[in-house]
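K.L.:
Top line first, the protein sequences correspond to chains X and H.
Numbering of the first sequence is given in my numbering, commencing with residue 39 and proceeding in unit increments.
Numbering of the second sequence is given in my numbering, commencing with residue 402 and proceeding in unit increments.
If you are wondering where the hints come from, they were derived from the structure by calculation, not from laboratory data.
Remember, predicted model here, so these are calculated numbers, not experimental data.
Check each hint, because a few of them may be wrong.
Just a few of them, taken from the derived set where beta-carbon distance is under 8 Å, the chain H residues facing chain X [stated by the list, open to error]: (1) Ile420; (2) Ile421; (3) Thr600; (4) Val605; (5) Val606; (6) Tyr609; (7) Asn613; (8) Ile618; (9) Ala620; (10) Pro842; (11) Thr856; (12) Lys859.
Listed next, the in silico DSS-like pairs over lysine-lysine satisfying Cα-Cα at most 25 Å (straight line) [what the hints assert, rightly or not]: (13) X/Lys85 x H/Lys917; (14) X/Lys69 x X/Lys126; (15) H/Lys815 x X/Lys356; (16) X/Lys356 x H/Lys622; (17) X/Lys387 x H/Lys622; (18) X/Lys324 x X/Lys387; (19) H/Lys884 x X/Lys203; (20) H/Lys815 x X/Lys85; (21) H/Lys459 x H/Lys470; (22) H/Lys815 x H/Lys406; (23) H/Lys409 x H/Lys549; (24) X/Lys406 x H/Lys628; (25) H/Lys906 x X/Lys394; (26) X/Lys304 x X/Lys406; (27) X/Lys326 x H/Lys604; (28) X/Lys352 x H/Lys622; (29) H/Lys884 x X/Lys288.
Here a beta-carbon is modelled for each residue, glycine too, at the ideal position from N, C-alpha and C.
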Amino acid sequence: MKKLGLIINPVAGMGGSVGLKGSDGLEIQKKARELGAKPQAQNRTIKALEQISYLRDQIEIITYPGEMGENAAVACGFKPKVIGIIDKNNTTADDTEKAAKDMKKHGVDLILFAGGDGTARNIYDSINLSIPALGIPAGVKIHSAVYGQNPKKTGELLELFLQDKITEFTEAEVMDIDEDAFRDERVVAKLYGYLKVPFEKKYVQNRKSGGVAGEEASLDRLANYIVDSMTDDYIYIIGPGTTTRTVMNKLGLDNTLLGVDVVYKKRLIAKDATEKELLGLIENKKTKIILTIIGGQGHILGRGNQQLSPVVLKWVQKDNIIIIASRDKLNTIFGSPMLIDTGDDDVNKMFEGYYKVVIGYEEFIAYKAMS
Amino acid sequence: MDSIKIRKTFQQARWNEPIIYELSKPNVRGIIPPAADDEIIESVGNVAKTLPKSILRKELPNLPELSQKQVLSHYLRLSQETMGSNIGNDISEGTCTMKYNPRINEDLASDPRFAELHPEQSEDTVQGILEMFYKFENVAKEVSGLDKFTLQPGGGSHAVYTAASIVRAYWEERGQLDQRNEIITTIFSHPCDAATPNTAGFKVVTIYPDENGVPDIEALKSVVSEKTAAIFMTNPEDIGIFNPRVDEFVKIVHDAGGLCFYDQANANAFLGVARAKEAGFDMCHFNIHKTFGTPHGCSGPASGALGVKKELAKYLPVPLVEYDGEKYYLDYDIEKSIGKVRDFIGVAGVVLKAYAWSAMMGPDGLRECADVSVINNNYMEKKMLQIRGITSAFQGNGITRQEQIRYSFEVLKKETGIGSDEFNQRIVDYGIPCFWQSHHPWVIPEPMTLEPCETYSKDDIDEYVAVVQKISDEAYTNPEIIKTAPHNSSSFQRNDVESLDDPEKWATTWKAYLRKHR
């Protein structure tokens, strides 16, 4: 019998309905309540759980009391095993983290959580990549790629996982933006880490025409291509992400998953470099930057890689940007451009246009980027 | 629609037939060949002893042991469990052009006067089939406007690979192969337009569509350069949209010095309407088994006709079939030929059938074939898009579709949970073959690609639409019957689809199956 952990951040989404751009922190939550905000997370969780309610005799739900999961599970006809203690109506991020850790101890197969970017960070802090997780989007800020498209779709994905129809996982980004900055109309997004989420290959066709290379094989090929085409006269700045990590692995170099590393003559010359360090290293040197798509919306610049500041980018120039992504990952944004948001309009414009995105060994897709 | 009969009581054979190895019983024999006569043994000796040890088996092959009767029953049962163009309404196979293959052409191909020919016979004794090669080449030249064809490739992708090899020879001769190492294609071209250039050693750059579903011309401009060896593109693409700016694409690539190859595997939409030559292309190919009415099959009963402008004819594979005014002959004297791409001169049986088909149709018939396939498709589109839950790729972009359309069950999936996979497992219950969903990758969600070729009647189309309507109704009223389908066909639901991606689980031979699963 599969065990499903369920965690609801009961206050997620409250800030949004009253224009507060987030719900992190007790003060904001109080303000949101005063402005008449209603919690969103319960209903959204119920919508997701409804997709799997028919499996109620075949799975066990382990959850926290009341508004943190018990109520929603019961509303969908489950008889959940309730663990932990909470201060009703005053739960905090600590409760989310504690719940995730407790559920891991109880051996759940996956943690289903409802919230926003802040909640995803809490889950990440507690379980990292140790067990699978999946988010029901209920928060104001959803920049992380760990969430389903909507509650119903999340439920459908969960259903496939519970029925063993999904056996593959992807490491999806946990992102967050600084809420104070956001309230000042500035977006400062940071990549916090990765959660292991079920991977539905919805863009991979039915097998009747033969095998389709899996994500891993595809990444391996593109990493080989990048390494084979590196030359000793360039400095290579390697952006954050699991896709760029495959290049570093191929080079046998240490990698900063959430930061920027610098490679010269296939050796690591700077690890987790700051903007200042980068500028020192690349001054008067030919430089290329290797990037991948970060986050669900398709950002290549301005999300999780602020070290690549407008000054750095101006030095490197557009022609020296190499974007890498598996074909499946690129196709998740089919119909929309890749996004650039450096915080500098002029630089944004300089980097708009088409890129030959590397998707395999000597395979490229001409894809447009816009700010 | 009510007057259309759909096969509600359809029932296909379901034999639950074991794998032939599971039917095997030790020491059962189908045929026991008689021992050779003493005289033969004496004069030939022990043949096995003359073979080098390195090629001798160490143990006997593990072959199934069955009687003749068992073998016959087994394969007859399997044959009854197939579905295809000659047994069902195969509008299903969009992009494949599953038109009716006239039986009379099969009779011609099995006539001993043809069937007993051998490709090693001298030219003087095979003038008839050489004439058919030569005259069918003339048909292909007329349809495309190009100057010279080879019929040697054994299928469409093989012809495209041959084209990529010619591009390579072209740039090699100019000493620019190191620089001209990129071939451009489009995402809705056939995947072989990317795969075969890659196999031939080129880098491949793929262009995505603009908001109307037409290849993005700005993307093309952004990637064309002094590195461009060629563009390989299909048109209309496999979603049925004809690129109205195709001549501009050709001009952009030519201006940069690149060659232009036109994938016309399926030329059904424009026979006698538009030609590769007038659009400016340097090369094109036809899948004879699509456009020219012969049965499908890969690298055996198929054929890819590759045509080039006269400037590129010197690179074609050898031999070419020529005529000196008196007799037909094989010309091996091709200046810069890329060599052979297949044994002999091509798949003669397919060329014979295609020649017979073209001769029967005549020029007006070929044009009518295009007209009817486009009319069929547009009639079907109007009906299909009235069905709840069904849309089409780039619907409402104002571009009239050609001979096929990529539909989408995205709305149906959202509203009922029934998508392309589920629909496909139900459609066979009405005697209709599983439909072609999409080439990889699936950028159009929940896809279905249909192609009502010219040989389908209005009744055939109406029947197909009625079945789709019926299943759509079921999706909204009784989705369980779809989720548990098929009920009346030979096939079953796949129990572990994901494992088909796992090399540790898939097994294409009995030996591999035993090793991995027993």
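K.L.:
Now look at each hint and say whether the structure bears it out.
P.N.:
Now for the hints, and whether the structure bears them out:
1. Using the Cβ-Cβ criterion of 8 Å, the hint placing H/Ile420 at the interface with chain X is not satisfied: the shortest such distance is roughly 19 Å.
2. Because the smallest distance between the Cβ of H/Ile421 and any Cβ of chain X comes to about 22 Å, over 8 Å, the interface hint for this residue is violated.
3. The interface hint given for H/Thr600 is violated, since its Cβ lies 11 Å from the closest Cβ of chain X, which is over the 8 Å cut-off.
4. For H/Val605, the suggested interface contact is upheld, since its CB lies about 5 Å from the closest CB of chain X, less than 8 Å.
5. Of the supplied interface hints, the one on H/Val606 holds, with its beta-carbon coming within about 5 Å of a beta-carbon of chain X, less than 8 Å.
6. Evaluation of the H/Tyr609 hint against chain X yields a held restraint, the C-beta minimum of about 6 Å falling below 8 Å.
7. At a threshold of 8 Å, the smallest CB-CB gap from H/Asn613 to chain X is about 12 Å, leaving the interface hint violated.
8. Given hint, H/Ile618 at the interface with chain X, is violated; its Cβ is 11 Å from that chain's nearest Cβ, farther than 8 Å.
9. The restraint placing H/Ala620 at the interface with chain X holds, with a minimum CB-CB distance near 4 Å, inside the 8 Å limit.
10. For H/Pro842, the shortest C-beta to C-beta distance to chain X is roughly 5 Å, which falls under 8 Å, so the interface hint holds.
11. A cut of 8 Å between beta carbons decides the hint on H/Thr856: the least distance to chain X is about 24 Å, and the hint is violated.
12. For H/Lys859, the interface hint is violated, the least distance from its beta-carbon to any beta-carbon of chain X being 29 Å, above 8 Å.
13. With a C-alpha separation of about 41 Å, the suggested pair X/Lys85 and H/Lys917 falls outside the 25 Å cut-off, and the hint is violated.
14. Between X/Lys69 and X/Lys126 the CA atoms are separated by roughly 18 Å; this keeps the pair inside 25 Å, and the hint holds.
15. A C-alpha spacing of about 40 Å is found between H/Lys815 and X/Lys356, which places the hinted pair above 25 Å, so the restraint is violated.
16. Between X/Lys356 and H/Lys622 the CA atoms are separated by roughly 16 Å; this keeps the pair inside 25 Å, and the hint holds.
17. Note on X/Lys387 and H/Lys622: the hinted pairing holds, with a Cα-Cα distance of about 18 Å set against a maximum of 25 Å.
18. Restraint check: the Cα-Cα separation between X/Lys324 and X/Lys387 comes to about 22 Å, which is no more than 25 Å; the hinted pair holds.
19. With a C-alpha separation of about 14 Å, the suggested pairing of H/Lys884 with X/Lys203 holds against the 25 Å cut-off.
20. Proposed proximity of H/Lys815 and X/Lys85 is supported: the alpha carbons are some 14 Å apart, at most 25 Å.
21. About 31 Å separates the Cα atoms of H/Lys459 and H/Lys470, which puts this hinted pair outside 25 Å; it is violated.
22. Proposed proximity of H/Lys815 and H/Lys406 is contradicted: the alpha carbons are some 29 Å apart, above 25 Å.
23. Annotation: proposed proximity of H/Lys409 to H/Lys549 is violated, straight-line Cα distance about 51 Å (limit 25 Å).
24. As the CA atoms of X/Lys406 and H/Lys628 are separated by approximately 20 Å, the hinted pair is consistent with the 25 Å bound.
25. With a C-alpha separation of about 35 Å, the suggested pair H/Lys906 and X/Lys394 falls outside the 25 Å cut-off, and the hint is violated.
26. Distance hint between X/Lys304 and X/Lys406 is unfulfilled; the C-alpha atoms sit about 29 Å from each other, more than 25 Å.
27. The hinted pair formed by X/Lys326 and H/Lys604 meets the criterion: a straight-line CA distance of about 20 Å does not exceed 25 Å.
28. Pair hint X/Lys352 plus H/Lys622 holds up; C-alpha atoms about 24 Å apart against a cutoff of 25 Å.
29. A threshold of 25 Å between alpha carbons decides the hint, and for H/Lys884 with X/Lys288 the separation of about 44 Å lies outside it, so the pair is violated.
Comparing the model with each earlier hint shows violations of hints 1, 2, 3, 7, 8, 11, 12, 13, 15, 21, 22, 23, 25, 26 and 29; every other hint is respected.
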